[in-house]
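Residue numbers (the working numbering), protein chains in the order written: chain A, 4 to 494; chain B, 3 to 191; chain C, 537 to 994; chain D, 15 to 124; chain E, 300 to 934.
None of these hints come from the bench; they were simulated from the model. Quick reminder that beta carbons are idealized off the backbone N, C-alpha and C, glycines included. You may find that some hints are simply not true.
Said to hold, decoys possible - In the DSS-like style, the derived pairs of lysine-lysine whose C-alpha atoms are separated by at most 30 Å in a straight line are: (1) E:Lys606 x E:Lys670; (2) C:Lys887 x A:Lys161; (3) D:Lys121 x B:Lys87.
Claimed, not checked - Computed Cβ-Cβ distance ranges for the label pairs, DEER-style: (4) E:Leu331 x A:Arg54: 47 to 55 Å; (5) A:Ile22 x E:Arg876: 48 to 56 Å; (6) C:Val971 x A:Ala41: 37 to 45 Å; (7) B:Ala56 x C:Asp723: 32 to 40 Å; (8) A:Phe48 x E:Pro753: 53 to 61 Å.
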Amino acid sequence: MLTLFLIFWPLVATLVLFILRPDEAKRWALAASLLEMALCLTMTFAFDASRTAQFVVDQPWVASLGINFHAGIDGITLLLVLLTTVLTPLIILSSFKQNYENAPSFYGLVLFMEMALVGVFCALDGFLFYIFWEMALIPIYFICLRWGGVNRGPVTLKFFIYTLAGSLIMLVGLLYLYYHTPGDHSFDIKALYAAGHSLSPAEQGIIFWALFAAFAVKMPIFPFHTWQPDTYHTAPTPGTMLLAGIMLKMGIYGVIRWLIPVVPEGVEKWGSTVLTLSVIGIVYASFLAILQKDLKRLIAYSSIAHVGLIAAGIFTLNKVGMQGAMVQMISHGIVIVGLFYIIDIIVARTATQEMANLGGIRLSAPRFNTAFIIILLGSVALPLTSGFVGEFLLINAVFQYHFVTGAFAALTMILGAVYMLRSFQITMLGENNATTKVFSDLDRKEKWVLYPVVTLVLLIGIFPGPLLNISAVAVDDLLTIVMNYQAGIGH
Amino acid sequence: MTLYVFYFLSFLAVLSALMVVFSKNPVYSVLYLVITFFCVGGHYLILSAEFLFAVHIIVYAGAIMVLFLYVIMLLNLNQDTEPQKRTLYKFAAVISGCLLMLVLVGALKGAESAQLVFGKQTHIGTVQILGKMLFSEFLLPFEVVSLLLLAAMVGAVMLGKTPMERLQNAEKSKESDLKTRNLKTLPNE
Amino acid sequence: MNSVFVLSGLGIFSLLAEIFNAKRFLFPVVVLGLVASALLLMADWNQGTAHYSNMLTFDNYAVAFSMTLSLIAALWFLMSKDYFADHAHTTDHFSLVLFAVIGAMFMVSYTNLAMLFLGIEVLSISLYVLAGSSFGDIFSNEASFKYFLMGSFATGFLLFGIALIYGVTASFDLHVIAAHISAGTGDKTTWLYAGILLLIVGLGFKISAVPFHFWAPDVYEGAPTVITAFMSTIVKIAAFAGFYRLFSICFATVSGEWTDVVQVLAILTLLVSNITAVYQHSVKRMLAYSSVSHAGYLLISLLALNTISASAILYYAVAYALATITAFTVLHNIEADDENAVIDSFNGLVKRNPYLAFCMAIAMLSLAGIPPLAGFFAKYYMFTVAFKSGYIALVVLAVVTSLIGIYYYFRIIIAMYLKSTEKTGAIRVPLRHSVIFAITLLLIVIFGVFPELLVGLV
Amino acid sequence: MNDPITQTIQGVPLNYYLWLSTALFVIGVLGVLYRRNAIIIFMCIELMLNAVNLLMVAFSAYHGDGAGQVFVFFIMAVAAAEVAVGLAILIIIYHNTRSTDINVLNKLKW
Amino acid sequence: MVIDSVVGLIPVVPLLGFVLIGLLNRQLRPWLAALLACSSVLFSFGLSLALFFSLGDSLPSIEFTAFEWIAAGNFSVSFSFLVDPLSIVMMLVITGVGFLIHVYSAGYMHGDEGFNRFFAYLNLFIFFMLVLVMASNYLLMFVGWEGVGLCSYLLIGFWFRNTDYNSAAKKAFVMNRIGDVGLILGVIMIFMHFGTLSYDGVFADAAGMTSGSPTLTAITILLFIGAIGKSAQIPLYTWLPDAMAGPTPVSALIHAATMVTAGIYMVARNNILYTLSPFTSDLIVIIGVATALLAATIAVAQNDIKKVLAYSTVSQLGLMFLALGVGAYSSGIFHMTTHAFFKALLFLAAGSVIHGMGGEQDIRAMGGLRKYLPVTYITFLIGTLAISGIPPFAGFFSKDEILAHAFAHNKIAWGVAFFASILTAFYMFRLFFLTFSGTSRAKQEVISHVHESPTTMTTPLIILAVLSATAGFIGIPEVLGGRHVLADFLAPVFAKSQAILPANEVAHSVEMMLIGVVVALTLAVIFFAYNLYVSRKKIPAPEGVSLNGAHRLIYHKYYVDEIYDRIIVKPMNFLSRALDALVERLLIDRIVNGAGRAVTWSGKTLRLVQTGNTGFYIFAMVISIIILFVVKSFT
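Take these sequences, add in the hints, and give me the full structure.
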């Protein structure tokens, strides 16, 4: 019941939004998302870390087609839902200073998006998962289309079609699995697992790619990433935050829950390929990031690199890697929201996101600078920031997988430092110029966004224990499924 | 005997049908079509479908063809106004016609040895039998035909009743409209 | 069955209304009559009664589709009231439309080929006239003419096919035919197959399957917008339902002989229509191609021909019709502002009437198949059907083409939400259109979220 | 058993009618393809329908089943209706374009 | 236990200092910030001292676990500290020297707009450095390791208006990061092979492994890469001279006394692993002596007072690595300790000079400062004598010990190291003479403002000078009849290694002879320098004068920076551009967009099929029907 409320409260809030005035809409959206966060925190406290799926809802939905409204929360889900519900208020808050035209629609879309995201993470039914997966695409598309920047028409369309292409291929894969579920076909996750396990290795390989198509595009994994820098660049900042902070986690989450346990054999067959691609992606994206001129693009490429590492870690099928991926997802979400907000502040004050036009901001905005540094350190994975825990565990796993991949993956530490420090230096340090001279320091609203982010970055870096603890059992459970399968076929 | 009659009627029917197609003058086409219809009617007689023969003659020769002829006269169509396709098209049309014949024959043959079982009744083409069928088994379609004719009538009346002057006025205004519309419909590159 | 009488009565009433000077009541009476006929149909639910020596059978399939048609027709009337007001022959139009609806109902409920044929003809003849009902408009004339010429040409093939089937089975009754065919047709099999092929040609024309679709874009574009709406909803649904009814009842046992043909048609339809739609400027024409493309998706279910095909078609038809009616209603309003609605006419609509833009967006999203709207589940259901019968490759193709579909549906969305326009002034939407939007949008969402309401009905 | 119909059935194989109808049908199609005058094209479509009628009557006779002939009756009715409507449309077009050439009507395209 | 909380307090107090100063940044008066910072470090120093005295046979080491940090799967690491002889020595040096430098900074940074910020960073640095040396497991050490790198970055770029400084800071961080990657991979390999990351577990297991196992070699090499980065060895040493961009106390604290010696500490900490990997040890020797020599030669031709000291640091670090490589771990630590004193002294004294000269750093513009800066002069002299290895100053003992071990181990290594140490004496005295002797070459307005530094700065100088002069006595070599206090104290840490290492001690007579030779030659070189720069008043060529072959080479630091620019930075930028242009835009984007364009194009083309001509439509239909029939009858 709580799960239902958790999923649909944002939707209810969205409906309420439309009877409000624009200025009320803002506040209502914030209040609603805070309530959602409170709810999620309550559930976190009620959560029993030693068990898997809890707060389960399982109602028939389209019974004749074996579709149920089956949702629940286990450790992995909980972490991601936490991420979603914590970031959404921050994202909403971050938009307060921008007076978006037609605010009710804007916040409605954001809340709608939150619903879809929470739904994706909670769904335990293949069809439900797919529905939420697709539903998450619509609001973000409209957010980018209506409130985006230059050239947003073609860019967002490309984004939409590209991701939808992946999703539809996934749908075909899910259907294939559905028709291999035993008995009266069902989309239940357990049934789909069973179906996946019953397939021949060759079929599993195909299904692997079918499902992975969606996830690879969403994450995005090299070379399916070209929609991303453009989209991040053109989207309004809250949209970019949603995309980078939460939405790309959908892809990773998909791999964890809807790919690896479904077709273990396919993963075994193709995992190394994907892992290699991910590692290539890390290096490739990092290289591209080095010479970017535009801040948002730079962060976009850095995001590809980070996600590449997460993906690589997951495909090692190593618990350390999985756990690392979980922490890193949270960390990346928080850090990137922080980074994009910082860019937003810069853009709002200087009307440019070209790094070359900036410089010396630190002189007039020390608090802003401090926040930037800490978030940046989280991004380059300095120990005691959130980025380190995940990145270390991931590199650990990838290195254990193979030392060459590990070594290449570890390059992210160096290259990350190179491009992040470069951007920091160009924008913040040096003498200020005409545009940055009047740069005012953080005001109250901005502090309300950045300080929580900074706190979280440090807090998770120092005490990652609770996070790791929450997801431990769920990750174990998933890996057990894989191992049982491998044991079953005599590996 | 019947076979010869069949051959004769068939030959005439096909020949006049071809003439319908190939006559240059629309009026001739109509007349040839009438001949074809009569031949078909002859076949109905051979097949003992007297009721249909009657209907056929009345409807086709009596109504439809007259209507055609009337329209042709009304529009004053003759050999000179007759639009002609280019030879290439004509050639292509003939070729595809032949091909269609070929494939249809190809598709329909193979049932050559088919001997049909005689029905319960042998002579079914009479007014009595067909009338019975029309008012029992096929009552609904029969009524629907009335609906259809009503619809056609309403439609034809509606179309035909349009005052001529209104049409002509519209014609002028639409010419200019046509230009703007076409511009928009054409690719804008 | 009673609903047919009600509708016929309405048709006649329309004709008489002029005489009795009851034109004022005509509109509400017709709308209520259509709703009433839908309600009457409920009585036939689960009865499966055959009427008039098995001419019509109101089984659940027929009832469901007839109801859909009546209700869509009611919506259509709501949408196009002003169309009637514009014409001198209001009552004639009313009756023609009603006759067309009756024809459509025959097409979904027939169990005799005679009824199929007559249904098609009643529908077609009314539409030939309606398509040309803008007498002074040369485009309307052309549309009407093309539709008529090609329609009657296709009818020839359809009849030839029927004749051959009759030759094989000596009956027009679907069940007799089916019994004959499943009993084996001996050396007349070639006639049967040729007949089936010709039927596919004839009916393929009616549902505008590629390569028999050429008429559709031209006619849809040329006909008055409301008539286009009628054609792309009611006619489409009826034609397809009729098509499916014939083939599922009669020819299911020899499906191996014709599925490959249908498959080719489906593939061609999906590809050609979607690709061609991409580069259109006229919204009506784009919607025409879209309508053709949906025929392609529908063909998939015919191809699969399994236990859930019928229900998939019903769902698809409903979802498609709701979205299309919405889209055309919006288009109708846009045309009030800019007579030749090209995609650019939608520019900046969100500024001029956000509500209208929202409706159009939902309609486009539903047509594009985006969850949680009905259009998504419709496509999904279609894929399920195809998968069930193993047409995986076709599903993949359908997926690809629906992606292409996104491209052109989203052009309108982009135009509305992104592009700017010099035109100012809000576009006023009449109340009855608001009612339509309220109903259709609600249904689109409800059916999308609770597909169980329709799934498995038939 | 000395009906004319029996004689016919015995004398003329059903296939002959099939071929004849097919031939007429194809000639109809050919005419539609060959000609540009809309009226002639209508006439050729009528020819096609007649071919079908003939075939159906033949089947009906050989099957000894009246339904075929009833159907032909319907086809005739429909044909009449179609011609009425068709010619009405044609006249309207003629008034708008001063031509019955189908090639003139190509404003709607692409 | 009380003592546990003491262990915990030692790093926490400077951290608190950082947090307080950092949060209150602008509200805090500068003197209060300085007081807070100094006292926090002093407090830590006091606690360390207390711990130092409580360590002994009864309490060989103290371990304190604060909380479990990361636990995932079979991986688990705690926030836990280990205090043993090695770490307590380091802690004392860090907090001790650190405190002195804090005090010094209070004077040096007086009036700087970032005064408070500076102290916050310094405190943060002390915290991370303490974490580095006190960690009881590799990952926590890595925390400190990266943390000090961060502080180094922040402090080098402290004056962030200057773009060059910022670039230097970035360079330092990135080069450190390269080493860090090696270190972290080494850590991961350790985890893979030992299943734990705590020192106890690893060392216990490692002691039982065979010498020279590839795993150990790999691990030690990877760890050593970390040390190379942090301790500025070939090939990652170029950041350290650039790091002189930071304020001078930073150079003293981070880039001389403490942070750069982290590599030494790390190798010493892992002595058992290195002892068991002869290959890596040899590698360390090679890199150590090569660095020592290379840096020493470069230092000879530098004219920036801090640059000379920086290269000297690099060179000395090389010597320390030499010690570690030959297995003389305690000698390495010994030299590290003495080096911390005299190099900190030298830097601070140099800072005092710069302070007095109003920011001038070029020795060509100095000279004759003896009379203006008497305290600085004396203390600098002591530092110079110490680094040159003149008995009885601290450097003499520690350096001599290293050379003796090197001699026993490998004559060539000894030879090179010997040469480097002679060079050291030369360039240090060159620096000294050019700065303090002769007549002033500075401009008049500079001279008029030259003043001795305030007491806050001179006091640390004096204390450090005393230490530089006397610290050697904690490790008097046997040959001179003393007791090696430090070696004995550290013995438990290196016990396992000592048990394995071959005891190739040099004979006392030989060692005596070596000492004699070294001292004699050193004195000779000093005299040479005196002759050159005092008697003959030679002044290095000013900027822009073309130099001859070898001189130019070393003046330009062997063009290493330029070479790196050519072979690493430029290719990387080129690769970045090439990937962007070729792969991203030409390949991937083109494929993706191409798909879209293909659809549009086919749409454009296909719509032309719809000609609008009814005749054509019918024709197409008929053809289609024919094709359907044909295909159908063939299948």
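Legend entry - Pair hint Lys121 (chain D) and Lys87 (chain B), alpha-carbon separation not exceeding 30 Å: Since the Cα atoms of Lys121 (chain D) and Lys87 (chain B) sit roughly 19 Å apart, the hinted pair holds (cutoff 30 Å).
Inset, instruction - Verify the proposed pairing of Lys606 (chain E) with Lys670 (chain E), using a straight-line Cα cut of 30 Å. - result: holds (24 Å)
Inset, instruction - Given the hint of 47 to 55 Å, check if Leu331 (chain E) and Arg54 (chain A) actually sit that far apart at their C-beta atoms. - result: holds (53 Å)
Legend entry - Cβ distance range 48 to 56 Å for Ile22 (chain A) and Arg876 (chain E), holds or violated: 53 Å Cβ-Cβ, so the 48 to 56 Å window holds.
Legend entry - Range agreement (Cβ of Pro753 (chain E) with Cβ of Phe48 (chain A), hint 53 to 61 Å): holds (57 Å)
Inset, instruction - For the pair supplied as a hint, Lys887 (chain C) and Lys161 (chain A), confirm whether the alpha-carbon distance does not exceed 30 Å. - result: holds (24 Å)
Legend entry - Asp723 (chain C) and Ala56 (chain B) - C-beta distance against the hinted 32 to 40 Å: holds (35 Å)
Inset, instruction - Evaluate the given range 37 to 45 Å for the C-beta pair formed by Val971 (chain C) and Ala41 (chain A). - result: At roughly 40 Å between Cβ atoms, Ala41 (chain A) and Val971 (chain C) fall inside 37 to 45 Å, so the hint holds.
The structure fails none of the hints (numbered hints given earlier).
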